[in-house]
Amino acid sequence: MLFDSLQFAVFFPIVCGLFWTLPQRFRWLLLLVSSYYFYMCWRPEYALVLVLITAIDFGVGIALARATEPKTRRLILLTSLAANLGILFFFKYYDFAARSLNSLTATVVVPELAMVLPIGLSFHTFQSMGYTVDVYRRKVEPERDWGTFATFIVFFPQLVAGPIERAGDLLPQLRHYENFDYGRVTNGLKLMAWGLFKKMVIADRLARLVDPIYAVPESQSGLMLALATVGFGYQIYCDFSGYSDIAIGAAEVLGVRLMTNFRAPYHSRSIREFWTRWHISLSTWFRDYVYIPLGGNQVSAGRWAFNILIVFFLSGIWHGANWTFLVWGLYHAVLIIAGRVTQGFTSALHGFSRREQRRRLPAAVGIVWTFLLVTAGWVFFRAPSIHVAMTIFQRMAADWQSFLIPARLAGHLSLIGWQSWDTVVICLALLALEIGDTVGLRFSIRKWLAEQSTVVRWTAYYLLVLALIVGGQFNGPPFIYFQF
Amino acid sequence: MRRLFIKFASFVPIVLLVAAVNRSVDPARFYGTHFLDPSRDQYEGAVIDNLLAGRSQVLVGPYNERLVLEAVFRSKRPIDTLVLGSSVAKPINGDSFPGENLYNAAIYGGELEEAAAVYQLAWENGRRPKRVVLEFHGRELGGRNWDIVPELVPVMLRVRKRLGLPSDDSESIRELFTQRADRTMPDNQSTAAQFVVDQSWLHPYDKLFSPRYFQFSLRSLGNAWFDAPTVTVGSGGVAPQPEDERQVLCPDGSVLWSRKWLSHTAEQIRQLVQSDAMKPVLWNRPPLSPSHCRLFDAFITDLERSGIKVILVLVPPFPAAFDRMHDAYARAHKPCPLDECESYVRAFAKKHSIQIDGSLDPRKAGVAEDEFVDYIHMRRDALARLIARNNAAQQGPN
Numbered sequence: 001m002l003f004d005s006l007q008f009a010v011f012f013p014i015v016c017g018l019f020w021t022l023p024q025r026f027r028w029l030l031l032l033v034s035s036y037y038f039y040m041c042w043r044p045e046y047a048l049v050l051v052l053i054t055a056i057d058f059g060v061g062i063a064l065a066r067a068t069e070p071k072t073r074r075l076i077l078l079t080s081l082a083a084n085l086g087i088l089f090f091f092k093y094y095d096f097a098a099r100s101l102n103s104l105t106a107t108v109v110v111p112e113l114a115m116v117l118p119i120g121l122s123f124h125t126f127q128s129m130g131y132t133v134d135v136y137r138r139k140v141e142p143e144r145d146w147g148t149f150a151t152f153i154v155f156f157p158q159l160v161a162g163p164i165e166r167a168g169d170l171l172p173q174l175r176h177y178e179n180f181d182y183g184r185v186t187n188g189l190k191l192m193a194w195g196l197f198k199k200m201v202i203a204d205r206l207a208r209l210v211d212p213i214y215a216v217p218e219s220q221s222g223l224m225l226a227l228a229t230v231g232f233g234y235q236i237y238c239d240f241s242g243y244s245d246i247a248i249g250a251a252e253v254l255g256v257r258l259m260t261n262f263r264a265p266y267h268s269r270s271i272r273e274f275w276t277r278w279h280i281s282l283s284t285w286f287r288d289y290v291y292i293p294l295g296g297n298q299v300s301a302g303r304w305a306f307n308i309l310i311v312f313f314l315s316g317i318w319h320g321a322n323w324t325f326l327v328w329g330l331y332h333a334v335l336i337i338a339g340r341v342t343q344g345f346t347s348a349l350h351g352f353s354r355r356e357q358r359r360r361l362p363a364a365v366g367i368v369w370t371f372l373l374v375t376a377g378w379v380f381f382r383a384p385s386i387h388v389a390m391t392i393f394q395r396m397a398a399d400w401q402s403f404l405i406p407a408r409l410a411g412h413l414s415l416i417g418w419q420s421w422d423t424v425v426i427c428l429a430l431l432a433l434e435i436g437d438t439v440g441l442r443f444s445i446r447k448w449l450a451e452q453s454t455v456v457r458w459t460a461y462y463l464l465v466l467a468l469i470v471g472g473q474f475n476g477p478p479f480i481y482f483q484f
Numbered sequence: 001m002r003r004l005f006i007k008f009a010s011f012v013p014i015v016l017l018v019a020a021v022n023r024s025v026d027p028a029r030f031y032g033t034h035f036l037d038p039s040r041d042q043y044e045g046a047v048i049d050n051l052l053a054g055r056s057q058v059l060v061g062p063y064n065e066r067l068v069l070e071a072v073f074r075s076k077r078p079i080d081t082l083v084l085g086s087s088v089a090k091p092i093n094g095d096s097f098p099g100e101n102l103y104n105a106a107i108y109g110g111e112l113e114e115a116a117a118v119y120q121l122a123w124e125n126g127r128r129p130k131r132v133v134l135e136f137h138g139r140e141l142g143g144r145n146w147d148i149v150p151e152l153v154p155v156m157l158r159v160r161k162r163l164g165l166p167s168d169d170s171e172s173i174r175e176l177f178t179q180r181a182d183r184t185m186p187d188n189q190s191t192a193a194q195f196v197v198d199q200s201w202l203h204p205y206d207k208l209f210s211p212r213y214f215q216f217s218l219r220s221l222g223n224a225w226f227d228a229p230t231v232t233v234g235s236g237g238v239a240p241q242p243e244d245e246r247q248v249l250c251p252d253g254s255v256l257w258s259r260k261w262l263s264h265t266a267e268q269i270r271q272l273v274q275s276d277a278m279k280p281v282l283w284n285r286p287p288l289s290p291s292h293c294r295l296f297d298a299f300i301t302d303l304e305r306s307g308i309k310v311i312l313v314l315v316p317p318f319p320a321a322f323d324r325m326h327d328a329y330a331r332a333h334k335p336c337p338l339d340e341c342e343s344y345v346r347a348f349a350k351k352h353s354i355q356i357d358g359s360l361d362p363r364k365a366g367v368a369e370d371e372f373v374d375y376i377h378m379r380r381d382a383l384a385r386l387i388a389r390n391n392a393a394q395q396g397p398n
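In the order they appear, the protein sequences are chains A and B. Just so we're aligned, residue 1 is where the first sequence starts under our numbering, counting upward by one. Just so we're aligned, residue 1 is where the second sequence starts under our numbering, counting upward by one.
Excised from the complex, chain A in its bound form (with noise of 0.2 Å):
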């Protein structure tokens, strides 16, 4: 079931209206039923993946509570991870395996599958490797109630694409739910409304004019391929963070509190920033269950350089099961490598205009620089293969200056169906997100609207349900990071 669907909007209500009159021992079996019932939505079988994970990893954290040798306790932790691990793997990457060596090989050694992947596999399994990690190390009691781990592990709102949660943070609050708080109720609408707006508005316009422009790179232009590359930036980032949004409100809503996953990542001064503001539930996963145990910065520099390309690789990989998300990762671990390399340049840059009083000027350049680089990455993330993005790079560089006169832009662009319409809803709504992003990062914006009177809260709400109707896209595609 998709957030942006009619099906989600029966959906919700229905459930949140039974969640809020039902008595709170019942309310965990309703949130189960329910959530189950999103997942099957889509494909009933792969709901038996579910059970098997839940399972799994519901006994191990038992049998861990009960092991008391450090050796046995490794080896039950393995079992998990091995179980989880081996569960992704069957699903996401064995045909990338076998399509890889049978074309090393240039015979069929191992045969494909051609298996669907189950939706969200990537964010729950790491979700539930999570739990059995955290209690493995003691930081987590084990849940010993079932119904509460089972909905751990598939509490609809974030569980085909994240925040992906820990276990220290979501199993208190699912052991026991808060009632009906009509502010908190409302800040999650308000958090959903502002996500789909961020999907349906923004992204999946968007989506219109990226598409078919990769489609076919090797007919395009320079500038139209970078005009898909930048717009790709924003549609992935508007298509994850408004689906994070819209999860994290409608969690909030059921009174259960998400972790945050994106803070205006666009406006990082430096990737080593980016990577705090993106995705802030799976590379903080990464840092606390691969990074630090592996050495962190606590190590020699060599080591250090290690350290974050096995992060990045695995973080690329984790994307899917194709050589550009592992150049996208590797790509972005240089980046963070070659930031540390040029770190005292930077600083004395800094330094510079400090003296001259100039700070903004260096924080604006990082952040365009940052972005550049960044968007760059995305056409490895975009690309189906590394040759295709390799051509767009070649032909970005390429024919630039005929398109720079507006009516032959325009023209390429109707070509596409992108009417000036859709470039001036883009531009306002591009317009309103950067608002939103600048100003969100200084204070809540839901705190302060709450806080203004009845006629400039309701001139809101009512532009942002105007902006959705007259601006959203209704037949837009799926979620992109569904497909994790």
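Among the hints, erroneous ones may be present.
Said to hold, decoys possible - Label pairs and their computed distance ranges (CB to CB):
| # | chain 1 | residue 1 | chain 2 | residue 2 | range |
| --- | --- | --- | --- | --- | --- |
| 1 | A | Ala-460 | B | Met-1 | 19 to 27 Å |
| 2 | A | Ala-106 | B | Pro-166 | 40 to 48 Å |
| 3 | A | Trp-400 | B | Met-1 | 56 to 64 Å |
| 4 | A | Trp-400 | B | Arg-331 | 52 to 60 Å |
| 5 | B | His-326 | A | Leu-6 | 54 to 62 Å |
| 6 | B | His-326 | A | Ser-103 | 52 to 60 Å |
| 7 | A | Val-365 | B | Trp-201 | 52 to 60 Å |
| 8 | B | Gly-45 | A | Ser-420 | 32 to 40 Å |
| 9 | A | Leu-409 | B | Arg-77 | 57 to 65 Å |
Simulated from the structure, these hints should not be mistaken for laboratory data. Yeah, the Cβ is synthetic: ideal placement off N, Cα and C, and Gly gets one too.
Fit chain B to the known structure of chain A by using the hints.
Just chain B now, kept in the frame of chain A:
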């Protein structure tokens, strides 16, 4: 909780605004009004008024035939014999079936799909004629020769459903429609077409609250305000035809050909047939299509089950056109689709004891060159003679 409901209720004006705009602008014309293009309805309205009052109507351009047919079927006019088919059948009139109330519901550019859809419209309006005359000119059972008639697409989907035809056949209709929309319709019509095809069980009332339809309404409104107005005499906003090309729609639905068509001589038509302009129409015809044959079988069987007498009228093309077509297929060592179509129809008719008038072979049908106004359309009196001649000759089922 109550506060929350009040808050939600405060958004009702937006929902009402959407419904009001969709209802009043209605660019796909679901609700019978058309805020942006009133002249279209006025034209069809005039045609309907004249037909129902028993007056003839000079056709100044194409019109929405579905609107007119629906009005006729909804009226109290008795219909014993219903004529279905393409423009070839348009001249068939009451003189061929004396003593019966005939209505000619043939459609310009219509093929088998349109014929079945028109009958469906009649059926949905409670019409059960005693007799259905179905005209054939040889292209009905192969792939389509002409573009699908967009106004009838929803009805085509309904008739397929009623006849229990496979859903693949309905998909092919959707595809044909989309192809036509992409190729020939301006942007607005193409978008309207998508809404027409998208039929949920609430159709068309689901469109009233549809944000997508709201966006389309706003865009249409914007176009109307900022674009230059178009001439909208006939359906699709085309300019009026010259006077000598105008046809006359008779009260029984039959048509009197235009002066220009009637002035065509056999020699002129022969030259036309020899020119390349006829190539796409007469040659490269596809063989029998399974989906069309399925529709034909199911449609005729349904009529028979309803106790309706079916008469199939096979109208031949201009003799020189027939010869040229035959030669072309013979040279390519392929069977001529006209022969295939006639064989199929005759075999079916024999099995079901259905009367057949005429033949797709002009010699067998006994028609002369001067009985045509162009390479496929016969003169009114000639077509009446064809039906009468065969009626007399056959004296019963084929």
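Quick rundown of the hints versus the structure:
In this structure the supplied range 19 to 27 Å holds for Ala-460 of chain A paired with Met-1 of chain B, their Cβ-Cβ distance being about 23 Å. In this structure the supplied range 40 to 48 Å holds for Ala-106 of chain A paired with Pro-166 of chain B, their Cβ-Cβ distance being about 43 Å. Range check, Trp-400 of chain A to Met-1 of chain B: about 58 Å between beta-carbon atoms, so the 56 to 64 Å window is met. For the pair Trp-400 of chain A and Arg-331 of chain B, the beta carbons lie near 55 Å from each other, so the given range of 52 to 60 Å is met.
A hinted range of 54 to 62 Å for the beta carbons of His-326 of chain B and Leu-6 of chain A is consistent with their spacing of about 56 Å. Distance hint check: the CB atoms of His-326 of chain B and Ser-103 of chain A are about 55 Å apart, consistent with the given range 52 to 60 Å. Taking 52 to 60 Å as the suggested C-beta distance range, the pair Val-365 of chain A and Trp-201 of chain B conforms, at roughly 58 Å. Taken as a hint, the range 32 to 40 Å holds for the pair Gly-45 of chain B and Ser-420 of chain A, whose Cβ atoms sit roughly 36 Å apart.
Separated by about 59 Å at the C-beta atoms, Leu-409 of chain A and Arg-77 of chain B satisfy the suggested range of 57 to 65 Å.
When each numbered hint is compared with the structure, no violation occurs for any of them.
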